[in-house]
Amino acid sequence: MKGSSRNLSLMTDLYELTMMNGYHALGTSERTAVFDVFFRHAGQISYAVAAGLEQVAEYIQNLHFDDDDIEYLGREAGLTEDFLRTLKDFKFTGDIYSVPEGTIVFPNEPILVVRAPLSQAQLIEPAILNIINHQTLIATKASKVKMSAGRAAVSEFGLRRAQGPDAGIYGARASVIGGCSGTSNVLSGRLFDIPIKGTMAHSWIMSFDSELEAFRKFAEIYPDNTLLLVDTYDTLRSGVPNAIKVFDELKARGKKPIGIRLDSGDLAYLSKKARKMLDDAGHNDAIIFASCDLDEFVISSLNEQGARIDAYGVGTRLITSENMPSLGGVYKLSELTENGVRVPKIKISDTQEKITNPGFKTLYRVYDGDGMAFADLIALNDEKIDTTKPLKLTHPTMRWKSTILENYTVRKLLEPVFEKGKLVRKMPKLSEIAEYNRKEKGTFWDEYLRNVNPEIFKVDLSDDLYELKSKLIAEHTGGNRK
Numbered sequence: 287m288k289g290s291s292r293n294l295s296l297m298t299d300l301y302e303l304t305m306m307n308g309y310h311a312l313g314t315s316e317r318t319a320v321f322d323v324f325f326r327h328a329g330q331i332s333y334a335v336a337a338g339l340e341q342v343a344e345y346i347q348n349l350h351f352d353d354d355d356i357e358y359l360g361r362e363a364g365l366t367e368d369f370l371r372t373l374k375d376f377k378f379t380g381d382i383y384s385v386p387e388g389t390i391v392f393p394n395e396p397i398l399v400v401r402a403p404l405s406q407a408q409l410i411e412p413a414i415l416n417i418i419n420h421q422t423l424i425a426t427k428a429s430k431v432k433m434s435a436g437r438a439a440v441s442e443f444g445l446r447r448a449q450g451p452d453a454g455i456y457g458a459r460a461s462v463i464g465g466c467s468g469t470s471n472v473l474s475g476r477l478f479d480i481p482i483k484g485t486m487a488h489s490w491i492m493s494f495d496s497e498l499e500a501f502r503k504f505a506e507i508y509p510d511n512t513l514l515l516v517d518t519y520d521t522l523r524s525g526v527p528n529a530i531k532v533f534d535e536l537k538a539r540g541k542k543p544i545g546i547r548l549d550s551g552d553l554a555y556l557s558k559k560a561r562k563m564l565d566d567a568g569h570n571d572a573i574i575f576a577s578c579d580l581d582e583f584v585i586s587s588l589n590e591q592g593a594r595i596d597a598y599g600v601g602t603r604l605i606t607s608e609n610m611p612s613l614g615g616v617y618k619l620s621e622l623t624e625n626g627v628r629v630p631k632i633k634i635s636d637t638q639e640k641i642t643n644p645g646f647k648t649l650y651r652v653y654d655g656d657g658m659a660f661a662d663l664i665a666l667n668d669e670k671i672d673t674t675k676p677l678k679l680t681h682p683t684m685r686w687k688s689t690i691l692e693n694y695t696v697r698k699l700l701e702p703v704f705e706k707g708k709l710v711r712k713m714p715k716l717s718e719i720a721e722y723n724r725k726e727k728g729t730f731w732d733e734y735l736r737n738v739n740p741e742i743f744k745v746d747l748s749d750d751l752y753e754l755k756s757k758l759i760a761e762h763t764g765g766n767r768k
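With the sequence shown counted from 1, adding 286 to any position gets you my numbering.
Rather than coming from a laboratory, the hints here were simulated on the basis of the structure. Hints are not guaranteed to be accurate.
As the list claims (entries may be wrong) - Calculated lysine-lysine pairs in the BS3-like style (CA-CA distance at most 27 Å, straight line):
| # | residue 1 | residue 2 |
| --- | --- | --- |
| 1 | K631 | K755 |
| 2 | K708 | K698 |
| 3 | K675 | K640 |
As the list claims (entries may be wrong) - Label-pair ranges, simulated between beta-carbon atoms:
| # | residue 1 | residue 2 | range |
| --- | --- | --- | --- |
| 4 | P740 | D668 | 27 to 35 Å |
| 5 | D636 | D353 | 41 to 49 Å |
| 6 | S550 | I690 | 50 to 58 Å |
This structure is a prediction, so every number in the text was calculated from the model and none was measured. Don't be surprised by glycine CBs; every beta carbon is placed ideally from N, CA and C.
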């Protein structure tokens, strides 16, 4: 976690160490390898919000093996003494490129690229995927929830349902990248400078002899932060009327109540009735805050029913990404230096989307003349785009589908993070990442980011990359693919 010196160097899979040991035995550990991190289209994940880079950087900077780590590996992992001795001075010396956190990314695009000695690149695969997969998944879920909520604020309320402490801590961080404006998680608030949010529990109200007394005592202690939970006994017959009494008393003291919270029942119906009751009592500026098993689909339904809800607290279904439980990000070898020669590598599959893109690559985003995202272009790293010339974009597999742009701009999305083992990118504040993501979304037409039946965003392969990929497929299959 931020500010921690926790050593995660053993957060790897055993077979990574087994392969490192093997490379050492063969004298091939120092070959330069290129690995791509990307995700494939899966279920409802047609786009993702990249997140987790700051924690990847912290992990890389702290990579080392203590004496007790090496002793443990010698005892349990079946590794040679000669290889274990090399771990005493282990450090990362390679390069890492990544899209900025908060960037909208699409299936099969390289969102992080590692170029490092083969053994180093092999070791860090599990940790990088663990960090990127989780935070990107939660940031994406938060983005979908916020898209449904529209102008209503969304707070992340999922700590008690998160799948472990780290999932709660970093899930809160990721949710802010995706669009949440606060969290109930106090530790995340402190670590990442996130506004912390909260109201009261039903147990507060139940600990008093009456609901009205509970409300009055809360308002007495927190006169400038009175948001009352009104569904403990009966929302419309008890909760809202008692809240109005307390709001009247607060106003008489010159204080302004914040509003009420609904946490159960028919939220659309209750919010409309409560809104009318509050307005009729002169509390037009009191907000209605809603929680209760919310996600992007429930919120969309509430909007369709005309619910009068000003802010949401979203917990379980956000922090666990309940209906899309994994991103499916992978880490694939795309180039290996052999005898001083860079050799592109490809994985071939009978499933089209599992055929990887070879070579050391970069990623460009193409904007039309109005500044709206039009397509992404995956290209070989040394390819440049001459924006003074028309740009032809072609479907990555159906090459007969193409379009030509004359008025356009491009942005290179993959930027250096580490060069020769040294961190070269300053990590922005979380608030800056969230603002960047908000602006990013503004460059996409709604149909690409909508939650139901989104339009597929164009992701093209450059002609050189397509030809390289086709050549390698032909070489490995004899030109005969069924």
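Original post:
So which of the earlier hints does this model not fit?
Top reply: 3
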